[in-house]
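Student: Taking the hints into account, I'd like the entire structure generated from these sequences.
For the sequence shown, the numbering used here assigns the number 100 to the initial residue and increments by one for each residue that follows.
In case anyone wonders, no lab produced these hints; they're calculated from the structure.
Have a look at the derived ranges for each label pair, beta carbon to beta carbon:
(1) Y264 / G210: 18 to 26 Å
(2) P367 / I146: 27 to 35 Å
(3) Y364 / F414: 25 to 33 Å
Note that beta-carbon positions come from the ideal geometry of N, C-alpha and C, so glycine has one too.
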Amino acid sequence: MTATLTEYTGVIPEKRQITNKPRFSDKVFRFIVTSGGFTSLIILGLIALFLLLRGLPVIKDMGFGFITGFEWNPGDPENGVPVKFGIGAMLIGTIVVAVIGLIMALPIAVGTALFLTYYAPEGVKKPLTIAVDLMAAIPSVIYGLWGFFVLMSHAVYWEKLIHKYLGFIPFFKMQAPVYERSPFIAGIVVGIMIIPIITAISREVFSQVPLDRIQAAYALGATKWTMIRSVVLPFGSSGVAGGAMLGLGRAMGETIAIYLVLNIYFSPNFQVLFSAGGNVASLIVSKFGEAGEYELRGLMAAGLILFIVTLIVNFLSNAIVKRTSRTGK
Numbered sequence: 100m101t102a103t104l105t106e107y108t109g110v111i112p113e114k115r116q117i118t119n120k121p122r123f124s125d126k127v128f129r130f131i132v133t134s135g136g137f138t139s140l141i142i143l144g145l146i147a148l149f150l151l152l153r154g155l156p157v158i159k160d161m162g163f164g165f166i167t168g169f170e171w172n173p174g175d176p177e178n179g180v181p182v183k184f185g186i187g188a189m190l191i192g193t194i195v196v197a198v199i200g201l202i203m204a205l206p207i208a209v210g211t212a213l214f215l216t217y218y219a220p221e222g223v224k225k226p227l228t229i230a231v232d233l234m235a236a237i238p239s240v241i242y243g244l245w246g247f248f249v250l251m252s253h254a255v256y257w258e259k260l261i262h263k264y265l266g267f268i269p270f271f272k273m274q275a276p277v278y279e280r281s282p283f284i285a286g287i288v289v290g291i292m293i294i295p296i297i298t299a300i301s302r303e304v305f306s307q308v309p310l311d312r313i314q315a316a317y318a319l320g321a322t323k324w325t326m327i328r329s330v331v332l333p334f335g336s337s338g339v340a341g342g343a344m345l346g347l348g349r350a351m352g353e354t355i356a357i358y359l360v361l362n363i364y365f366s367p368n369f370q371v372l373f374s375a376g377g378n379v380a381s382l383i384v385s386k387f388g389e390a391g392e393y394e395l396r397g398l399m400a401a402g403l404i405l406f407i408v409t410l411i412v413n414f415l416s417n418a419i420v421k422r423t424s425r426t427g428k
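Tutor: Right, dumping it as structure tokens:
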């Protein structure tokens, strides 16, 4: 056996320069993403400023009654009919419809996320993931038309069954047998619309469960469902809660779909099967075309209140998601 030896030349290689100075491409990328972030923030601030400038006079005139009042009457000052603007009933309707939608969507979204992450075969997983994500791209008017022409006839039958067997619960009582265009139907439509949002976030959280915890559960003899119940769900619970609140914020701002499937009524309605309700966004779209100058300012003020409420919900969801990624619990 022979060995070839490399002759030592006595030349010492130059020391490698280690630096954290960003390259030109890094600077360009940082500038682009920073500009995009600040642009979004500026646009959001301009929207808030516009709503504030347009709606603040009405809020000053109406006072706190603008939020708690249940009457929307542009009045006729020339004939002595006072102007009364109050969005209390619409705020209640916004919360009722959004909560119904969240109750409908959350179990389906979490179940879909678990199926796509741990049960679906590889040949089925990708097409289903794409299909669920594409649901978020469908315009809300399509959901509204589908809810009005297709879902409503079936949902009325479900409402009658609920009233028959659960009518003793105050939420399911009926003032009159009028079931069409109810908060229950609107909640189903909104729930279907927010399923992709909650599913996407839940799927992302479930996929980040540490592999060593999963393997440890299997090593102790756990079945797949036992592993999911004892490892995956506790790990991703806060993330699922954050996704649910993001979906809640989306549901609270829905406009056209609610306008098509819900009967606008300026009175607080907690009887979800009765054909009466509304939300702030549907109020704006229903009154905008025929509103005068002062009423337009009132609608802008309503939009400002909805903007603030939705922003608070999104901030809460962001805090929950951050807490999840920081603690991993």
